[in-house]
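There are 2 protein chains.
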Amino acid sequence: MIVEVIAVGTELLLGQIVNTNASWIGARLAEHGFDAHHQVVVGDNLGRLTEAIRVALGRADATIITGGIGPTPDDLTRQAMSAATGRPLVFNEAYAQELRARWAAMGRAFPENNLQQAEYLEGGEQLPNPKGTAPGLCSEHDGKLLFALPGVPPEMQLLLTDHVIPRLRRASGDTSVLISRVVRTWGRGESAVAELLDDLYRASTNPSIAYLASAGEIKVRISAKAESTDAAERLIGPVEAEVRDRLGSSVFGTDEETIEEVVLRELEQRGWSIGTAESMTAGLVAGRLTARPGSSKVVRGGAVTYSTDLKESVLGVGRDIIDTHGVVSAETALAMAAGARRLLDADVAVAVTGSAGPDPQEQPPGTVVLAVETPEDARARTLKLPGDRERVRTYATTAALHLVRLAVRGHWWHG
Amino acid sequence: MIVEVIAVGTELLLGQIVNTNASWIGARLAEHGFDAHHQVVVGDNLGRLTEAIRVALGRADATIITGGIGPTPDDLTRQAMSAATGRPLVFNEAYAQELRARWAAMGRAFPENNLQQAEYLEGGEQLPNPKGTAPGLCSEHDGKLLFALPGVPPEMQLLLTDHVIPRLRRASGDTSVLISRVVRTWGRGESAVAELLDDLYRASTNPSIAYLASAGEIKVRISAKAESTDAAERLIGPVEAEVRDRLGSSVFGTDEETIEEVVLRELEQRGWSIGTAESMTAGLVAGRLTARPGSSKVVRGGAVTYSTDLKESVLGVGRDIIDTHGVVSAETALAMAAGARRLLDADVAVAVTGSAGPDPQEQPPGTVVLAVETPEDARARTLKLPGDRERVRTYATTAALHLVRLAVRGHWWHG
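As they're listed, the protein sequences go chains E and B. Reminder that position 333 of the first sequence reads as 412 in the numbering used here, one-by-one numbering, no gaps. Reminder that position 155 of the second sequence reads as 234 in the numbering used here, one-by-one numbering, no gaps.
Derived by calculation from the structure, the hints in this document are not laboratory data. Hints are not guaranteed to be accurate.
Identical copies go unnamed one by one, so any copy, or any two together, can satisfy a pair.
Stated by the list, open to error - Under the rule of at most 16 Å between Cα atoms (straight-line distance), these lysine to aspartate or glutamate pairs were calculated in the EDC-like manner: (1) 210 with 177; (2) 376 with 438; (3) 304 with 90; (4) 223 with 306; (5) 376 with 388; (6) 304 with 469.
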């Protein structure tokens, strides 16, 4: 089944916004096994949009339009759908009344141009949009499906997931459900993960295994198709267990879980607070730890000791340690962590020191030394990270969070 | 002159990468006054790519293809150009030898598939690519221009700027040069900036004025067309001076300058160091200040006092101040800044406290109190920022950097 995506909006052509909708839809279609041959962008122009829809209906089995279904005069998707298919627009009086009621409830005057959002193609249907005022549209033409979705990404994503994908799957004759589980790992490269799972990967058809690398983490996606959610889960279960077993402590989370969430949860479960001592990352670890609401239950604070003398005066790192071992050393990182625990009255402290580049600081750029001290133990680890200053700082921040997780679990670090 | 962009690559259709090339090209074309009616994405498929080129040659005055000109077997853009135009590919022996010489210089075996990068359309030309091995292509067909550029963004951008835009301008009969100056401002909203410049904006044709809003900053772009760079600069000069005069101290930089760069430069000029005291932003201000190489000349370090008691124990904020005025108050922010100057032995300190949300902390979410202490003065300011936790933290970080700039200049803050 071939699906074409048409994104509508002059702001896309002018480069004022990037067409992330098309790539997001492309990724979802690929996950579900649909083919994509073309993506098209057209401006807010009735003639060109009509022609683009006509071409797509001619060469694809289904067409998804995003954008141009709002209330303003340059929202022309409904008219273009009508012109391309030769079908008139009809008016949903009930939805018009619902819109009027919403404005009345806010005590505000109703802008009449909102009413065009109550129009849809005769013989088709409206797809309810709980996040906005513009419902999606869906209709069928000579066996081909035509959808229109809002251009606002969260609204588009909701309607695509809840309405478009299920209809495409039904139309393709596929009544099965597709379920995915993502096992998130850190600490092994993609090739090392792939090697450990090689026989599973080769044998995998249903469930299938895929690897996704992003910012130092490797995600293993296990997807199964079956006649029901339960049956798909039963297919995934044993493969997921085997994957987790082989990857061991490098597995840190499931599906959408982030390392920040995992670290905060594990600390909270143990009743431990955390503090940071940062040199090279200069606050980025503390910034990530506090990105989520509720982090104040666990995060005490941090010391950014960018200057060497502050490592002594603020964190109490001995001058002799720095003179003997250098600023970028396990000894200094451990002393920073110990000092942060004291200064911040924290149960756990994580310390980062290193050379972010481009100019070397004692060690070659990309050298990062991390240390974690818990009430039970203290360890340091040196990493060599590739890339420019920004990448080294970002990866070092992520690595620090992962080492906290391992330390809190008492696993420390493998490999 | 209508220009169409075709991006080539199955990875775009699958949503593995986002089509930022099309938006970047769209923005450049718009700047130079060219029209865009369509953007198209096709996969690595000879038939569909050929058809897309044929369609574009039929409806646009110029076509720019990105991607598919590398050395691998799925790089099909050259063959598709040949099929769409009916013109054969010819081989540039000199370029082939240059490629062989590059590999020889690295002491590595030459992969023969690199040789397809020496091919180009008969009657056309190759556009030299100093950043990669795939030269761009350029040819003319019945008065219409056809370009192919690498898909790698920096290579594409260089060739577009240096070769494609000048050729498009020549073909459109426009021999003038277009120069832009961006005046970067912070502290006034877009409508306030627009109001102050209203008569200039209305009168502006050459130079023209445009507004761009991003992350709390408003950029004023002044663009002039003239027969030479000097003549364009002379047109921009008086308008730029007037814009700067009217916007006063809200102007902080020019063209690509960031607030981080400006703050570090101004501090270095005065021989002042800086430290941070952060609660709500929890390290993000220190992280931004140290994003650039060389920041260690100016940045001392920071204290992340996320817990209230650390404001006392680390920064020495008096218990009475917090009890009387609250954690989110000008008094506490000023005491944090004073404490950070002492603790970190810094000439300047910036403090951030506030309520990022979603749960209120004393004050409604979005309430941010900033304070800056310099050797000469100390001030605090309260902001009410809209949006979710992430947005409030990001905007508060940017605001803190801007207030440091104003404080260091002795301007403090307007309006």
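Hints versus structure:
1. For the homomeric pair residue 210 and residue 177, the shortest alpha-carbon distance inside one copy (14 Å) is at most 16 Å, but the shortest distance between copies (57 Å) is not.
2. In this assembly of identical chains, residue 376 and residue 438 lie within 16 Å of each other by CA distance solely across copies; the values are 13 Å between and 38 Å within a copy.
3. Neither within a single protomer nor between protomers do residue 304 and residue 90 lie at most 16 Å apart by alpha-carbon distance, with minima of 39 Å and 24 Å respectively.
4. Neither within a single protomer nor between protomers do residue 223 and residue 306 lie at most 16 Å apart by alpha-carbon distance, with minima of 25 Å and 54 Å respectively.
5. Proximity of residue 376 and residue 388 under a CA criterion of 16 Å is satisfied inter-copy only: 13 Å between copies versus 31 Å inside one chain copy.
6. Taking the closest pair of Cα atoms, residue 304 and residue 469 never come within 16 Å of each other, the shortest separation being 40 Å inside a single copy and 37 Å across copies.
Checked against the numbered hints above, the structure violates hints 3, 4 and 6; every other hint is satisfied.
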